[in-house]
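Dock chain L against the given chain F, drawing on the hints supplied.
If you read the protein sequences in the order shown, they are chains F and L.
Going by this note's numbering, the residue at position 193 of the first sequence is 193; the numbering climbs one at a time, nothing skipped.
Going by this note's numbering, the residue at position 439 of the second sequence is 439; the numbering climbs one at a time, nothing skipped.
Please keep in mind that the hints were generated in silico from the structure rather than gathered at the bench.
Keep in mind the model is a prediction, meaning the values are calculated, not measured.
Please note that a few of the clues may not be correct.
[As the list claims (entries may be wrong)] Distance windows between CB atoms, simulated:
| hint | chain 1 | residue 1 | chain 2 | residue 2 | range |
| --- | --- | --- | --- | --- | --- |
| 1 | F | Ala122 | L | Thr267 | 31 to 37 Å |
| 2 | F | Gly293 | L | Ser459 | 44 to 50 Å |
| 3 | L | Thr140 | F | Lys260 | 53 to 59 Å |
[To be verified] Counterexamples of contact, computed for chain F against chain L with all Cβ distances above 12 Å:
| hint | residue |
| --- | --- |
| 4 | Ala11 |
| 5 | Leu13 |
| 6 | Gly89 |
| 7 | Leu211 |
| 8 | Gly357 |
| 9 | Glu358 |
| 10 | Asp370 |
| 11 | Gly434 |
| 12 | Gly452 |
| 13 | Lys453 |
The beta carbon of each residue, even a glycine, is placed where N, CA and C say it ideally should be.
Number of protein chains: 2
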Amino acid sequence: MDIAALKTDLAGLQIEVNPRIVQQKSRDFYWYSPVLKRQLDSVVADVVATPRNLDELLYILGSCWRNDVPVTVRGAGTGNYGQAMPLAGGLVLDLSGMARILSIEPGRVIAEPGAILADIDAAARASGQELRLSPSTYHTASIGGFVAGGSGGVGSIRWGGLRDAGNIIRLRLAAMDGTVGSLIDLTGPDIAKASHAYGTTGIITEVEMPLAPAYDWVDMIMSFPTLEGAIRCGEALAAADGLLLKNVAVMDASVTPYFKRHAGYLTAGEAVVVVMAAPFAAGDVVHLGRHAGGRVVFRSDAEAPETLKKLPAAFELCWNHTTLRALRVDPSITYLQVLYPQPDICGKVLKIAELLGEEAPTHLEFVRFDGAVGCFGLPLLRYTSEERLDEIVALHEAHGCPIFNPHRYTLEEGGMKQTDATQLAFKKRADPKGLLNPGKMIAWDQPDFDYGKPYLFPSLSV
Amino acid sequence: MDIAALKTDLAGLQIEVNPRIVQQKSRDFYWYSPVLKRQLDSVVADVVATPRNLDELLYILGSCWRNDVPVTVRGAGTGNYGQAMPLAGGLVLDLSGMARILSIEPGRVIAEPGAILADIDAAARASGQELRLSPSTYHTASIGGFVAGGSGGVGSIRWGGLRDAGNIIRLRLAAMDGTVGSLIDLTGPDIAKASHAYGTTGIITEVEMPLAPAYDWVDMIMSFPTLEGAIRCGEALAAADGLLLKNVAVMDASVTPYFKRHAGYLTAGEAVVVVMAAPFAAGDVVHLGRHAGGRVVFRSDAEAPETLKKLPAAFELCWNHTTLRALRVDPSITYLQVLYPQPDICGKVLKIAELLGEEAPTHLEFVRFDGAVGCFGLPLLRYTSEERLDEIVALHEAHGCPIFNPHRYTLEEGGMKQTDATQLAFKKRADPKGLLNPGKMIAWDQPDFDYGKPYLFPSLSV
Chain F
1 MDIAALKTDL AGLQIEVNPR IVQQKSRDFY WYSPVLKRQL DSVVADVVAT
51 PRNLDELLYI LGSCWRNDVP VTVRGAGTGN YGQAMPLAGG LVLDLSGMAR
101 ILSIEPGRVI AEPGAILADI DAAARASGQE LRLSPSTYHT ASIGGFVAGG
151 SGGVGSIRWG GLRDAGNIIR LRLAAMDGTV GSLIDLTGPD IAKASHAYGT
201 TGIITEVEMP LAPAYDWVDM IMSFPTLEGA IRCGEALAAA DGLLLKNVAV
251 MDASVTPYFK RHAGYLTAGE AVVVVMAAPF AAGDVVHLGR HAGGRVVFRS
301 DAEAPETLKK LPAAFELCWN HTTLRALRVD PSITYLQVLY PQPDICGKVL
351 KIAELLGEEA PTHLEFVRFD GAVGCFGLPL LRYTSEERLD EIVALHEAHG
401 CPIFNPHRYT LEEGGMKQTD ATQLAFKKRA DPKGLLNPGK MIAWDQPDFD
451 YGKPYLFPSL SV
Chain L
1 MDIAALKTDL AGLQIEVNPR IVQQKSRDFY WYSPVLKRQL DSVVADVVAT
51 PRNLDELLYI LGSCWRNDVP VTVRGAGTGN YGQAMPLAGG LVLDLSGMAR
101 ILSIEPGRVI AEPGAILADI DAAARASGQE LRLSPSTYHT ASIGGFVAGG
151 SGGVGSIRWG GLRDAGNIIR LRLAAMDGTV GSLIDLTGPD IAKASHAYGT
201 TGIITEVEMP LAPAYDWVDM IMSFPTLEGA IRCGEALAAA DGLLLKNVAV
251 MDASVTPYFK RHAGYLTAGE AVVVVMAAPF AAGDVVHLGR HAGGRVVFRS
301 DAEAPETLKK LPAAFELCWN HTTLRALRVD PSITYLQVLY PQPDICGKVL
351 KIAELLGEEA PTHLEFVRFD GAVGCFGLPL LRYTSEERLD EIVALHEAHG
401 CPIFNPHRYT LEEGGMKQTD ATQLAFKKRA DPKGLLNPGK MIAWDQPDFD
451 YGKPYLFPSL SV
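Chain F with its partners taken away, still in its complex shape (with noise of 0.2 Å):
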């Protein structure tokens, strides 16, 4: 790695060598785990780059080649599992400079990968679209990050997740392989040589999306004497193939209180189901609550403009904003990621909930998975320690409930812990030193890895 060539290489480009700004851009939201806090928080960039168009890019991938600099790719940071973090230094790729929207039609739009989602949104309300699937993240995270390092979100429980046939159309990958200029199209089963990859297999250079049609979305929050009457609503309303719905989530009474804004509308000691509901679809969501059991304590298309202004969208209540609300009252919570398989998932939910207690308020979203409906759980975690942690992630696979543990940096043990073939393969072509973002494919570094242990990347303390 020769940082002093590249440096003289990019003079006239956009880089940063700032000591503080290069920290900021060398951490995503990893924080959000004290485990990830822990092994990551010395991770830094030597250099950080922000090309402002695809013949930059290209040319900081080559010096990156030349120079043997590992290139750690970055959206807008708004990652949690430190998959925008250089754990081997080098450069940071930025690529927020590169946010351009070159084209919206029917059913699609094609952007460059620093697009923030929000603003691909706003271009497509035009045309009465907007995008499938988004983060909670919704207003900061761009298209290219959240394609890299993403699964799903809002929208999943009509879509399903990122990694579905149909729910990218296409990415534009460029390979760190010596040879600029070579762009790669990946469509149909070959976009999963770059989606939910972090960059380690290429560097995405534009990405063309599936549009679904624009409503303006009722958000609503149905309260329930019980954690079941609000299991069975969330599973009722996500089963219910007519009606459009964009999310369906379910917080435990512990839950709600961290909802501050909305504190008016909420009733202590009683569950939530939180709807984001197309306005023709509103009628029968109050239909399907009340015969549930519960009822509407706040719906958005029945608020004054002034009073919406001052609360945060249903979307920022859900997914990982959930988690983020309860961190900032009590930094000592974090969350894991289940999943609750069928059948069963009340029973499922409501037995984990019973040995947690008070440790791990349940907090639900549904979405659908391989053609049914599915279940995945985030929830709060008052944390004590790792190893803690670790028999409470022992104890849910002991009842049949997978993790997705968002304690580890790597892209095996976040998902199947094991090799994704079609990933190595693809970057053993498109990536042959290894430049792109090192240590966050195990199967890259030790093909021989034993998942019964964390993998700790060698640059890292323990």
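Coordinates of chain L only, in the frame set by chain F:
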């Protein structure tokens, strides 16, 4: 029943007494079923009235009430179960004269019941929208008739059926209770009082339906060496939450010879999957089809406009248009309606295909059903006798596949084989004299009916 007094009352309105026209307007497509053909062939009204607006409609109902004349409502007469046929004579209320489209907004349309589905879509197209669901008789069926007598069809792969919350927003109903002018708006679960009730519980005078975004749907046919391959592909497509599809059907090799105008694209001895896909989803459909061992033999976006003009649309190869195409070639053919339940849809279909062979070539329509992938069968049936038909029904049921019998003219026997308590209770209020479509709701005529034998309305010959 005082028909003479009724005719006097209705002088000046649009009524029809010409026997040939009255006979024609007393019929629907009941003749798809040899059983219904035998039972209903002599059914005929005394008079047909075609109101031009709500006032006329209400006046007609009032006169029928005063003169105790049965009223059987008719949309476009495209039903297959005799639902628009006046078993007790009296008046056929032809709603084709009330066909205005009253309003189109984002996500919803309000129309009079006689509006033709294709006409609603033509009007909605201006705002980039279309109906979610339609039967294969889309070009001729009315929205009121679809709601009163249909169950789903094209679009159900995405939205489920008409019975599912959200797929009908509101129905306005004229009761037959002597209080001329009393209209009832039904929303939410109350909609079930009048949807799929064959007009036995009131006359639908206005419908409000949800709209989906309109796309230039790509018609695709994929060919497979085996039926199993086609079923596996159909099921995978149906489970793909991120693929925007409008219809997914599977036909075995014995069915496709009836697709005369597509003969040049089809391979003898091969099964097919017929798909309607959004333009941006077509590429992924190809990938999925290939993965399942199939190949694309037709896609509409690769054909010249003059070629397409000579071909029926994909949806006109599907649902009961599959049956119609076979019937035109071989009038001895009829059909069944089967539900293949989860799990192992494919195993159940193949087992029954093996047992019945050429007597009942496989035709499947995939749908969303209670939040999961569902599969309806509309097998062609080489009809020999009613006894054999009953045997075939029993054989399906013995293998765990319920039959929605299209050879029955009552609500109960075509569906759940039990009293619909909601519809019955509502009818007692909305039609206290039992004048609306007599003979179609067994629970009204014989509350203690034994569903072990077929129901025969007294006026019909055995």
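Outcome of the hint check:
1. Checking the proposed 31 to 37 Å range against Ala122 (chain F) and Thr267 (chain L) shows it is violated: the Cβ atoms sit about 49 Å from each other.
2. For Gly293 (chain F) paired with Ser459 (chain L), a C-beta distance near 47 Å keeps the hint of 44 to 50 Å intact.
3. Taking the beta carbon of each, Thr140 (chain L) and Lys260 (chain F) are about 58 Å apart, inside 53 to 59 Å as hinted.
4. Distance check on Ala11 (chain F): its Cβ is at least 42 Å (rounded) from any Cβ of chain L, clearing the 12 Å threshold; non-interface status holds.
5. Distance check on Leu13 (chain F): its Cβ is at least 35 Å (rounded) from any Cβ of chain L, clearing the 12 Å threshold; non-interface status holds.
6. For Gly89 (chain F), the shortest C-beta to C-beta distance to chain L comes to about 37 Å, beyond the 12 Å cut-off, and the non-interface label holds.
7. The beta carbon of Leu211 (chain F) sits about 9 Å from the closest Cβ of chain L, which is not more than 12 Å, so the claim that it is off the interface is violated.
8. With a closest Cβ-Cβ approach of about 30 Å to chain L, Gly357 (chain F) is found to remain outside the 12 Å limit, as its non-interface label requires.
9. The non-interface label for Glu358 (chain F) is consistent with chain L: the shortest C-beta to C-beta separation is roughly 32 Å, beyond 12 Å.
10. Chain L draws Asp370 (chain F) into its interface by the beta-carbon criterion, the shortest separation being 6 Å against a cut-off of 12 Å.
11. For Gly434 (chain F), the non-interface assignment is confirmed: its Cβ lies about 30 Å from the closest Cβ of chain L, beyond the 12 Å cut-off.
12. With a closest Cβ-Cβ approach of about 33 Å to chain L, Gly452 (chain F) is found to remain outside the 12 Å limit, as its non-interface label requires.
13. Distance to chain L confirms Lys453 (chain F) as a non-interface residue, since its nearest Cβ pair spans about 35 Å, more than 12 Å.
Hints 1, 7, 10 from the earlier list are contradicted by this structure; the remaining hints agree with it.
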